[in-house]
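Colleague: Sequence:
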Amino acid sequence: MPIEKHGVSLGIQRTGSQFFLRLAAVGQLTHEDYEMITPMIESALDGVKEAKMNVLADLTEMEGWDLHAAWDDFRLGMKHRQAFEKIAILGHKKWQAYAAKVGNWFVAGDVEYFEDEAAALAWLQSS
32 MPIEKHGVSL
42 GIQRTGSQFF
52 LRLAAVGQLT
62 HEDYEMITPM
72 IESALDGVKE
82 AKMNVLADLT
92 EMEGWDLHAA
102 WDDFRLGMKH
112 RQAFEKIAIL
122 GHKKWQAYAA
132 KVGNWFVAGD
142 VEYFEDEAAA
152 LAWLQSS
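The letter at position 18 of the sequence shown is residue 49 when you use the working numbering, and the numbering goes up by one with no holes.
Please keep in mind that the hints were generated in silico from the structure rather than gathered at the bench.
For glycine and all other residues, C-beta sits at the position ideal for the given N, C-alpha and C.
Incorrect hints may appear among the rest.
As the list claims (entries may be wrong) - Listed below are the simulated EDC-like cross-link pairs for lysine to aspartate or glutamate, each with C-alpha atoms no more than 20 Å apart in a straight line:
| # | residue 1 | residue 2 |
| --- | --- | --- |
| 1 | 132 | 94 |
| 2 | 83 | 146 |
| 3 | 83 | 147 |
Stated by the list, open to error - Beta-carbon label-pair distances, calculated as ranges:
| # | residue 1 | residue 2 | range |
| --- | --- | --- | --- |
| 4 | 128 | 156 | 38 to 48 Å |
| 5 | 132 | 34 | 13 to 23 Å |
| 6 | 97 | 137 | 13 to 23 Å |
| 7 | 158 | 66 | 32 to 42 Å |
| 8 | 34 | 153 | 16 to 26 Å |
| 9 | 62 | 158 | 34 to 44 Å |
| 10 | 49 | 147 | 12 to 22 Å |
| 11 | 73 | 136 | 15 to 25 Å |
| 12 | 43 | 137 | 36 to 46 Å |
| 13 | 113 | 34 | 32 to 42 Å |
Working from the sequences, and respecting the hints, build out all of it.
Modeller: Structure (structure tokens):
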């Protein structure tokens, strides 16, 4: 029986002189995953001195959300929508590109989709 992996890892990463929030999602995210990660994301956002934060969301290993988790994600994004300057979504699936487009409707900053991590990081560092 294969082990099903799912969840999110979260960290603050520095590239050059810029800091950004890096999240990596794996598998099919659940409401229970969001119950665990929401306080971590909120703590990371509270700890940043910058007025607005850049984010690299690595979704290359993400399969999707269950319905409750999708709602949790939406609520978290709406609560912190003013906190982001740029969000780079890194992925390899068509739905992830659509998620970036939809994200632009709800987030005050810019959301872009990338299939190449170097291009995503270059965009996050550009002004």
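Colleague: None of the hints should be skipped; say for each whether it holds.
Modeller: Results for each hint:
A distance of roughly 18 Å separates the Cα atoms of residue 132 and residue 94; the hinted pair therefore holds under the 20 Å criterion. Among the hinted pairs, residue 83 with residue 146 is inconsistent with the structure: their alpha-carbon atoms are about 24 Å apart, more than 20 Å. Between the alpha carbons of residue 83 and residue 147 the distance comes to roughly 24 Å, so the proposed pair goes past 20 Å and is violated. The hinted range of 38 to 48 Å is not satisfied by residue 128 and residue 156, whose Cβ atoms lie roughly 21 Å apart.
For the hinted restraint 13 to 23 Å between residue 132 and residue 34, the CB-CB distance of approximately 33 Å leaves it violated. Roughly 20 Å separates the CB atoms of residue 97 and residue 137, a value that falls within the hinted 13 to 23 Å. Separation of residue 158 from residue 66 is about 36 Å and conforms to the stated range, judged on CB atoms against 32 to 42 Å. The hinted range of 16 to 26 Å is not satisfied by residue 34 and residue 153, whose Cβ atoms lie roughly 35 Å apart.
In this structure, residue 62 and residue 158 meet the distance hint of 34 to 44 Å, their C-beta atoms being roughly 38 Å apart. Between residue 49 and residue 147 the CB atoms are about 19 Å apart, so this pair conforms to the stated range of 12 to 22 Å. Checked against the hint of 15 to 25 Å, the pair residue 73 and residue 136 passes, with Cβ atoms roughly 22 Å apart. A beta carbon spacing of about 23 Å between residue 43 and residue 137 contradicts the range 36 to 46 Å that was offered as a hint.
The hint said 32 to 42 Å for the Cβ distance between residue 113 and residue 34, and at roughly 39 Å that hint holds.
Checked against the numbered hints given earlier, the structure breaks hints 2, 3, 4, 5, 8, 12 and satisfies all the rest.
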